[in-house]
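Asks: Listed below are the residues making up each chain.
Protein chains: 2
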Amino acid sequence: MSVNERQVKHITPKSEDFSRWYQEIIQKAELADYAPMKGMMVIRPYGFAVWENIQHHLDRRIKATGHVNAYFPLFIPESFLQKEAEHVEGFSPEVAWVTAGGKEDLEERLAVRPTSEAIIGPMYAKWIRSWRDLPLLINQWANIVRWEKVTRPFLRTTEFLWQEGHTCHETAEEAEEETLRVLAMYREFVETELAIPVLSGRKTLREKFAGAQMTYALEALMSDGKALQMGTSHNLGQHFSKAFDIKFEDRRQKLQYVWQTSWGMTTRLVGALVMVHGDDAGLRFPPRVAPVQAVIVPISVGDWKTSVLPAARAAADALRAAGIRVLCDAREEATPGWKFAEHEMRGVPLRVEIGPRDVQAGQAVIVRRDTRAKEKAAFEALPVRVASLLDEVQKRLYAEADSFLAANIREARSFEEFREILEKDRGFIRGGWCGEGACEDTIKNATMATIRVIPLDETEPVSGGLCLACGREAKGRPYFARAY
Amino acid sequence: MSVNERQVKHITPKSEDFSRWYQEIIQKAELADYAPMKGMMVIRPYGFAVWENIQHHLDRRIKATGHVNAYFPLFIPESFLQKEAEHVEGFSPEVAWVTAGGKEDLEERLAVRPTSEAIIGPMYAKWIRSWRDLPLLINQWANIVRWEKVTRPFLRTTEFLWQEGHTCHETAEEAEEETLRVLAMYREFVETELAIPVLSGRKTLREKFAGAQMTYALEALMSDGKALQMGTSHNLGQHFSKAFDIKFEDRRQKLQYVWQTSWGMTTRLVGALVMVHGDDAGLRFPPRVAPVQAVIVPISVGDWKTSVLPAARAAADALRAAGIRVLCDAREEATPGWKFAEHEMRGVPLRVEIGPRDVQAGQAVIVRRDTRAKEKAAFEALPVRVASLLDEVQKRLYAEADSFLAANIREARSFEEFREILEKDRGFIRGGWCGEGACEDTIKNATMATIRVIPLDETEPVSGGLCLACGREAKGRPYFARAY
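Residue numbers (our numbering), protein chains in the order written: chain A, 11 to 494; chain B, 11 to 494.
Keep in mind that the hints were calculated from the coordinates and are not lab data. Bear in mind that the values here come from a model prediction, so they are computed numbers and not experimental data. Just so you know, even glycine gets a beta-carbon here, dropped at the ideal spot from N, CA and C. One thing to keep in mind: the hints can contain errors.
[Claimed, not checked] Which bits of chain A does chain B cover? Going by a derived footprint, with three or more residues having C-beta under 8 Å, they are:
no. : stretch
1   : 50-56
2   : 80-88
3   : 141-153
Could you put together the complete structure from these sequences and hints?
Replies: Right, here's the structure in full:
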């Protein structure tokens, strides 16, 4: 899109209308665009580069924990989807159906995968014979289709990209260990790479994955006070192994059903980065996943093409050689001020300005996107200083989000108080729950808030409080929130 | 799959039945398996690791030539597919149609993308305004569905994975340059990384991509004498920009339609690696794309777990630290001999054997998969020697394939001779062609051989010969072959 079309300055302030800000910044920063079909989006190069960085960092961790990648078919015959009763009930309302191939109608409808348990199951049944084949630790990067009624770029779209791990184990204990190992891996990944602090824990039965025995999840707080589920790890028990007849001969030569897990993270993480770190001026990408980590802007005055541009290009080369993702913005048709605003909007963590006097002094001005702090650095010190500042920006964005999260977890001792906090502050609210689905529903129907997670390690007594909804003794103290 | 199931030894020899050998080796080496739906396959971890290496090497080249990745929707509304007449005619017989979402029938059918020109077109029309937005150089890694009647793992499957580049340019000349630049990039990639020599050139109008102005392609020779198309690069001219109204304001403020290209390479490249380099003992992967470059087999005699295994593990660590993809096969349930055969079958370029006497002598035995040559190397010299041998194996596999290709390009001066060569030797046959589609059809109908490519730089006189089919003066001397 040409510069004149971009209208850098005209973004609705985040503080004024968060939802509009989100949709505008996604489009103006060219992260994504609306496809001509309802609910579908195009991930543009700048947004896709974020996803590629996410993939890079997450795939590395998935492999380091012993998993290997594979690829399973996009289509699932309807009869396969129906094998696990809860699974088909949960997913069939969201399935896109292929009913014809070429000129011919199909004998059996094919689901475009809404998740892959039901196509992976029959393959695992074929591949697994003995305990020696276990654990089977496979991951897949793929596109997924769910026919959603209400959609929002990155957060909920008819098609999205994800990774889905699907593992098989000898015992229930090993499956539970894997489920929690992946949850911990996800948490470390999100905190380290995306600079987003999260709450982790288990989901209620109402909120668990259709077909799972138990779902664990990570939840983050967006800067408008709503929660976003960042990733899930499911202990499938033997639900799918019984449905798809995935058996193995155990160490005592007895036939057993395998114990399974599945887990996933999606392109919605790009939306989380926008909503956690963005500000009125636009995006603020954590350096470790930023498509461009530092932009060099030559100050275009006088004979800048001969006096400034060579130094700017040399600085870019030096940064690139140091492994930094750098862009030298030498466009003639845009002023330096325009470029400053544009790269701020696009969330580039550091800006390096080089003008005629800087060239004479052998230095550049570095401006941080997060604090807007400026400093000077000699040309020869640039690569080391930029690398060090990128680390600082990464840490500071995390610290900022972490303070915000800490400040937005509140205790509610009564339903009255719960409602008040929701109206006034949003954020996560911790309160007593008796464990009944009915009470969960009561709270949800009255407030649109749901139980996001039940924490795994209660550092304080679990009981003692009262259920927010029914007033009986609480059996747990989950985190509630309104969520995307 | 447990060791006892693998039956390493029982593969139909390649020389006896090539087609059966191909299908058996794909399954037994666990590259892929048949999915329970007709024509669909599962890419297993060992096969997917090859694809990941291909992606790594190709993506690097795509980016180095200025392209960026993005992601467009899986579905294309039928009306979009119909906008370019030749395109819809070519692809609609192969389209899988989505007709329902959840419980509701769709108002308009959605094609599962058979290629993405028709969904990318409308987005480009929205994004491009001025010559400053050009060239637009976008690539996508995606899954593709074509409802094929006859399928074969990797070579032709209902769903496959690929990359598709889609670019827009200011002038016809620039689009043609891009088309040929990508063809050259593909060729260098295939020769360097896959160790496969290729013929390159343009396709006839009958064989070109539906909707393209001109298609260029790479063709390789499989070891059974049949050709395989390895990649294509299309000059789309203004066919799609006119159909989708993709216009820009040129440097003289005049509205023009953009000039486009598209180009792709697919998972069939994995099949090409199998068919070009494999032998009676199984696969032979070129080291640069081999999932495992060197396997270390500790010789399990006596107290090998204390006397041999530590040295084997240390050798593996040293190779890994040197950036070599290494596996230490310490399985207890398989004998060394079994492991040798299995890793040979799986095409691991180098085997490193370490026995008790080797440990005492401080050395290991290295065995090449390509020549089966053995040599000894001191432990401390292993990383350097293995790296150097991997380079040699890579070069030798290329040289072998190149000799085979050179020996299997034959001249035919008459249709009689053409038929004889096809019956006796197969391979590529070069001969005269008048340029008429009717003669192309005559030859195809009589022999199942098609024009694979018309070479771009004729080093010998173009005319002078006669058309194999009609006997009139030849206007070109293309390469013919039977092809997959």
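Asks: Checking against the hints above, which ones are violated?
Replies: No numbers; nothing is violated.
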